[in-house]
Amino acid sequence: SASPPSASSNAKWIKLNVGGKVFVTTRSTLVNKEPDSMLARMFSLDGAMNPSDTDENGAYLIDRSSQYFEPIINYLRNGQLIYDAHLNVEGILEEAKFFGIESLIPQLEAQLRACNVHSDNVPLT
Amino acid sequence: SASPPSASSNAKWIKLNVGGKVFVTTRSTLVNKEPDSMLARMFSLDGAMNPSDTDENGAYLIDRSSQYFEPIINYLRNGQLIYDAHLNVEGILEEAKFFGIESLIPQLEAQLRACNVHSDNVPLT
Amino acid sequence: SASPPSASSNAKWIKLNVGGKVFVTTRSTLVNKEPDSMLARMFSLDGAMNPSDTDENGAYLIDRSSQYFEPIINYLRNGQLIYDAHLNVEGILEEAKFFGIESLIPQLEAQLRACNVHSDNVPLT
Amino acid sequence: SASPPSASSNAKWIKLNVGGKVFVTTRSTLVNKEPDSMLARMFSLDGAMNPSDTDENGAYLIDRSSQYFEPIINYLRNGQLIYDAHLNVEGILEEAKFFGIESLIPQLEAQLRACNVHSDNVPLT
Amino acid sequence: SASPPSASSNAKWIKLNVGGKVFVTTRSTLVNKEPDSMLARMFSLDGAMNPSDTDENGAYLIDRSSQYFEPIINYLRNGQLIYDAHLNVEGILEEAKFFGIESLIPQLEAQLRACNVHSDNVPLT
Numbered sequence: 049s050a051s052p053p054s055a056s057s058n059a060k061w062i063k064l065n066v067g068g069k070v071f072v073t074t075r076s077t078l079v080n081k082e083p084d085s086m087l088a089r090m091f092s093l094d095g096a097m098n099p100s101d102t103d104e105n106g107a108y109l110i111d112r113s114s115q116y117f118e119p120i121i122n123y124l125r126n127g128q129l130i131y132d133a134h135l136n137v138e139g140i141l142e143e144a145k146f147f148g149i150e151s152l153i154p155q156l157e158a159q160l161r162a163c164n165v166h167s168d169n170v171p172l173t
Numbered sequence: 049s050a051s052p053p054s055a056s057s058n059a060k061w062i063k064l065n066v067g068g069k070v071f072v073t074t075r076s077t078l079v080n081k082e083p084d085s086m087l088a089r090m091f092s093l094d095g096a097m098n099p100s101d102t103d104e105n106g107a108y109l110i111d112r113s114s115q116y117f118e119p120i121i122n123y124l125r126n127g128q129l130i131y132d133a134h135l136n137v138e139g140i141l142e143e144a145k146f147f148g149i150e151s152l153i154p155q156l157e158a159q160l161r162a163c164n165v166h167s168d169n170v171p172l173t
Numbered sequence: 049s050a051s052p053p054s055a056s057s058n059a060k061w062i063k064l065n066v067g068g069k070v071f072v073t074t075r076s077t078l079v080n081k082e083p084d085s086m087l088a089r090m091f092s093l094d095g096a097m098n099p100s101d102t103d104e105n106g107a108y109l110i111d112r113s114s115q116y117f118e119p120i121i122n123y124l125r126n127g128q129l130i131y132d133a134h135l136n137v138e139g140i141l142e143e144a145k146f147f148g149i150e151s152l153i154p155q156l157e158a159q160l161r162a163c164n165v166h167s168d169n170v171p172l173t
Numbered sequence: 049s050a051s052p053p054s055a056s057s058n059a060k061w062i063k064l065n066v067g068g069k070v071f072v073t074t075r076s077t078l079v080n081k082e083p084d085s086m087l088a089r090m091f092s093l094d095g096a097m098n099p100s101d102t103d104e105n106g107a108y109l110i111d112r113s114s115q116y117f118e119p120i121i122n123y124l125r126n127g128q129l130i131y132d133a134h135l136n137v138e139g140i141l142e143e144a145k146f147f148g149i150e151s152l153i154p155q156l157e158a159q160l161r162a163c164n165v166h167s168d169n170v171p172l173t
Numbered sequence: 049s050a051s052p053p054s055a056s057s058n059a060k061w062i063k064l065n066v067g068g069k070v071f072v073t074t075r076s077t078l079v080n081k082e083p084d085s086m087l088a089r090m091f092s093l094d095g096a097m098n099p100s101d102t103d104e105n106g107a108y109l110i111d112r113s114s115q116y117f118e119p120i121i122n123y124l125r126n127g128q129l130i131y132d133a134h135l136n137v138e139g140i141l142e143e144a145k146f147f148g149i150e151s152l153i154p155q156l157e158a159q160l161r162a163c164n165v166h167s168d169n170v171p172l173t
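Here the protein sequences come in this chain order: A, B, C, D and E.
For the first sequence, counting from 1, position 31 maps to 79 in the working numbering; every step adds exactly one.
For the second sequence, counting from 1, position 68 maps to 116 in the working numbering; every step adds exactly one.
For the third sequence, counting from 1, position 41 maps to 89 in the working numbering; every step adds exactly one.
For the fourth sequence, counting from 1, position 15 maps to 63 in the working numbering; every step adds exactly one.
For the fifth sequence, counting from 1, position 98 maps to 146 in the working numbering; every step adds exactly one.
Think of the hints as simulated: they come from the structure by calculation, not from any bench.
Predicted, not measured: the structure shown is a model, and the values here were computed from it.
It is possible that some hints are incorrect.
It does not matter which identical chain is meant; a pair holds if it fits inside one copy or across any two.
[To be verified] The calculated DSS-like cross-link candidates involving lysine-lysine, where the alpha carbons are at most 27 Å apart (straight line), are: (1) 81 - 60; (2) 60 - 145; (3) 145 - 81.
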């Protein structure tokens, strides 16, 4: 009962080539969590927006940072904002804005403010 | 006596395409350590659950974070929870819950509580 | 309406093989943000400069560090200098100079000076 | 005088597919430094032990963590235990035990004890 | 005017497969900066030393750590020793010695001494 991913317009599995790195996910991950986002509009079956061009392996090309896309796609998968300490929050925020993941933006902005408070708190002599 | 991995239902070696990154492991790793997990049910030979679709190289597609899957698969390989300091424990916990690795969940929750105690301990002026 | 990337001289999508790692981006990213940079001159359609040789997959070969190129290409994509804490700012500065991304150089130099002030500030007993 | 790596039993170059990541090394690296290890027995020409199955590219499949294998293979290459600060020493120790690299085990155990002393030493108020 | 990289003895572009990871660089990078190094002798056109075997894609096989090779190749590209904070300097030093990059060795040894002074300086109670 296995059906391999294809470039057909209603495939379940979607490959995204984000800046050179390939992510594999499902149409429902891209569409369901944040229905007004750019990704949802590109991959919803009613086709509000054309998906981008594909590379030679059928992955949709996206001219963005793969590194900061990682927490974005994970958020769409499980509804949680989770990222490693070394990642620059500003980078994730840029991607959330670009892809129109509106529910993520206030969370990321709050975490950026918290970071700045911390570094402003360094004791002065 | 070498037999290359195949897509046949009883192959010894299993490729998993987790969010775009391919992991190679054995059926016994996926099945034996945590027999009630989703992975065990997908790959046990009595077939309690259908495995997912496969990509063009025969790897089973899983729409999750590859980064946080790494300590999960290592735990199934050697029975130990080991991860690098920069990894976000919440990310590993999400995956343990998704894959139903029940024996890992209390360990990860205990480590999360320990982390929070640490950061609450910052001295107040 | 999808058109796969090609090696033809006016393709929209461009693959760059930077020191062995492949980045995918668009001609407009390479050309528009910093029109006098080496990348803009290599990939502008009026052809001020010949692009480099291509690898067997049609990616333009660039003999530089992929690691420090990452914030450079992200800057061309979104106009912001964003990088993770563990990255050596001197490495990014070297690449900004090599590629002639003039608007980045003073920002990077300022951040380098800030870092040095910090480490000189270690209290002496 | 170049001879490409092959799957033949006495090839000089060996590919190992460790958990999905491919390492390239030589038979002499695997055999000479630690002659009683599992890797030495698998790849010595007198064949004390059968090597594992190979993947579709002729790499020998090993169901272990690629991340913690990296310092192990480097140790076999140059005789030194060197790893980056962010790597979990317990992970390297697990692999040293699995592969039977006996000369590494006491070094890793000593470093683990040193780490624990450090974290126990946090001053109490 | 593009000429793809080839395995012919006088190609401009060189692929190196270092322990399983492929780096792309030019012959002039390998030869010019440090003419007495092993890499220069392997890839200079007068052929003081035979290059190593090649893999199935024409990359020259080198049985060393890819991770610590990265700052080495960057040094040959731009003449500067630049590496990220998390990288173990001893690992880079091992590679500098192996490849005979003599001008790097005293720099790396000085940085190692500086690190050790720092960690010996931890205040005693």
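Evaluation of the provided hints:
1. 81 - 60: Within one copy only: 16 Å inside a chain, 31 Å across chains, cut-off 27 Å.
2. 60 - 145: Result: close both inside a copy and across copies, 26 Å intra and 23 Å inter.
3. 145 - 81: For residue 145 and residue 81, the Cα distance is within 27 Å both inside one copy (16 Å) and across copies (19 Å).
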